[in-house]
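Asks: Sequence:
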Amino acid sequence: MLTQIQLAFFIAALFVVYTSFLQARLYLKRRQFAKSHGCLEPRCKVPLKDPVLALDFVWKTLQNAKSDRYLEGTYERFQQYGSTFTAKHLHYPTIHTTEPENIKHILATAFDDFKFSSFRVNAMIPLFGKGIFTSDGARWSHSRAVLRPSFARHNMTDHLPFMESHVDQLIKAIPKDGSVVDLQKLFFAFTMDTATEFLFGHSVHTLYNMQLGNDAVADDSDANFVDSYTYACLDIVHNIRLGALSKLRYSPKAKQAQKRAFAYIDRFVDEALALRNSSKSSRADETSKYIFLNELAKETGDRIELRDQILNVLLAGRDTTASLLSNTFWELARHPDIYAKLRDEVAFLNGREPTYEELKDMKYLKFCLNESLRLRPVVPANTREAIRDTILPRGGGEDGCSPMFVKKGTHVYYSVWSMHRREEFFGKKTEEYIPERWEGLKLGWEFLPFNGGPRICLGQQFALTEASYLTVRLLQKFSRIEARDSRPWTELYTLVAYSKHGTLVSLTPA
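Quick note on numbering: the sequence shown equals residues 1 to 510 in the working numbering.
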């Protein structure tokens with residue numbers, strides 16, 4: 001008879017043998033998988049002082065972020081280690097890449113092999129819930145199916161006149177005497193106003209409240225929502241950068257901000273559901289104002305889902321457009337020749353509002369927006385996590401041109417910011433703003449301003465049209481723009497990237 005101690009040792013030995021057997025079998029299986037796909041060892045592995053948790057790599061990343069050079073620091077790493085390299089981030093392996101073929105593989109060809117990185121989703125869920133930007137698999141497919149009809153029913157032609165009243169408010173907020181104004185602040189206010197009117201049928205009137213002053217806002221609840229939403233977004237960014245360490249952090253102030261944002265949106269959700277359940281919904285007036293939330297309520301009656309999806313669309317519609325406008329006008333203020341060329345392109349309008357078709361035909365305006373999206377992409381980086389053993393088509397072998405094995409659980413970080421600076425794709429002087437480079441430029445996955453594959457941004461056309469329209473109206477109203485800040489562009493990277501110091505300019509009325 002075995003004693004209890006002997007039995008315990010025997011069971012432990014069996015466990016060790018069985019575990020070793022499973023590990024050996026997995027190793028052989030993975031080796032065969034890699035061999036069958038022609039995978040070679042990664043061309044570059046980042047040397048780490050701490051090979052266990054890679055704390056030196058993580059610390060450097062956090063220091064770069066703290067000194068407002070997270071994106072610049074990332075670009076320097078690609079210059080040092082090449083277009084694809086492996087590393088670690090705390091306890092999980094990572095692959096960093098700027099290879100278009102790899103990004104295409106992640107986002108399209110092998111779409112089902114990857115999901116959003118868990119640390120990013122965990123950071124975003126408290127505010128954005130189970131929406132299109134935080135979901136994968138069947139839940140993501142459901143979210144996209146719910147949102148797509150509402151975008152399809154929305155006509156961009158009808159959207160332009162609705163924007164004009166907000167354009168008027170923005171122009172009123174710009175000094176006409178050459179005084180300094182922060183256009184970035186106005187752009188974020190403008191896009192918050194247009195986005196909330198588009199989504200809820202009610203604008204928060206941020207621009208109007210700014211003119212009244214903080215002590216005389218038209219509606220406290222509107223202003224509180226804007227502040228709460230902004231604070232909650234900044235807290236998310238902090239948690240994303242911390243990664244797994246974010247589990248050790250709790251912010252009561254962020255939780256309160258989230259609750260206030262939810263309470264504000266729930267008012268409009270309740271109104272949309274009441275309309276859905278009333279007799280009016282079956283005989284709606286075709287000439288009535290388009291309200292995205294009301295259209296969305298036709299697809300689902302789930303109150304929480306409606307709130308989640310609205311917050312996700314707000315993120316895409318408001319922050320994306322504001323960032324694009326801010327970065328574009330930061331450059332235009334430093335390139336008076338480009339501003340003058342744009343004014344020449346819109347001169348045929350004689351001051352009237354452009355139509356949607358006319359905006360689409362403005363070639364040089366498109367070049368300028370593309371160059372802004374190249375030089376300072378709105379979403380400059382993203383990550384995916386492998387949910388099964390898979391591959392990347394580039395990064396292996398001595399030349400980095402062979403496939404490389406990607407084991408389950410690996411986080412793949414792709415830097416759009418760095419890819420957009422590769423001279424083999426965009427020509428010389430990629431750190432400079434040169435709209436003319438787009439003349440005859442033919443690109444595929446090398447240019448990725450709005451993601452790609454099945455997850456390509458649903459609101460892409462909305463953002464480009466709104467940015468184009470406001471740019472044209474400002475070109476018509478102001479004959480000259482001048483920079484009033486000698487500091488270089490410094491990144492402020494929240495959920496989107498824009499200038500830390502704002503867009504300080506003076507404008508001369510036409």
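Since the hints were derived computationally from the structure, they do not count as laboratory data. Just so you know, not all the hints are guaranteed correct.
[To be verified] With a cut-off of at most 25 Å between alpha-carbon atoms, the simulated SDA-like pairs for lysine to any residue come out as follows:
1) 477 with 120
2) 253 with 275
3) 88 with 397
4) 60 with 409
5) 115 with 500
6) 500 with 120
7) 407 with 423
8) 500 with 88
9) 130 with 413
10) 442 with 401
11) 88 with 409
[To be verified] What follows is a list of derived Cβ distance ranges for each label pair:
12) 139 with 484: 41 to 51 Å
13) 387 with 479: 54 to 64 Å
14) 92 with 68: 19 to 29 Å
15) 156 with 234: 25 to 35 Å
16) 255 with 118: 19 to 29 Å
17) 9 with 31: 29 to 39 Å
As the structure is a prediction and not an experimental result, all values here were calculated from the model. Glycine included, every Cβ here is placed at the ideal spot set by N, Cα and C.
Asks: Find the hints from earlier in the document that the structure breaks and name them by number, from lowest to highest.
Replies: Structure breaks hints 1, 2, 5, 7, 8.
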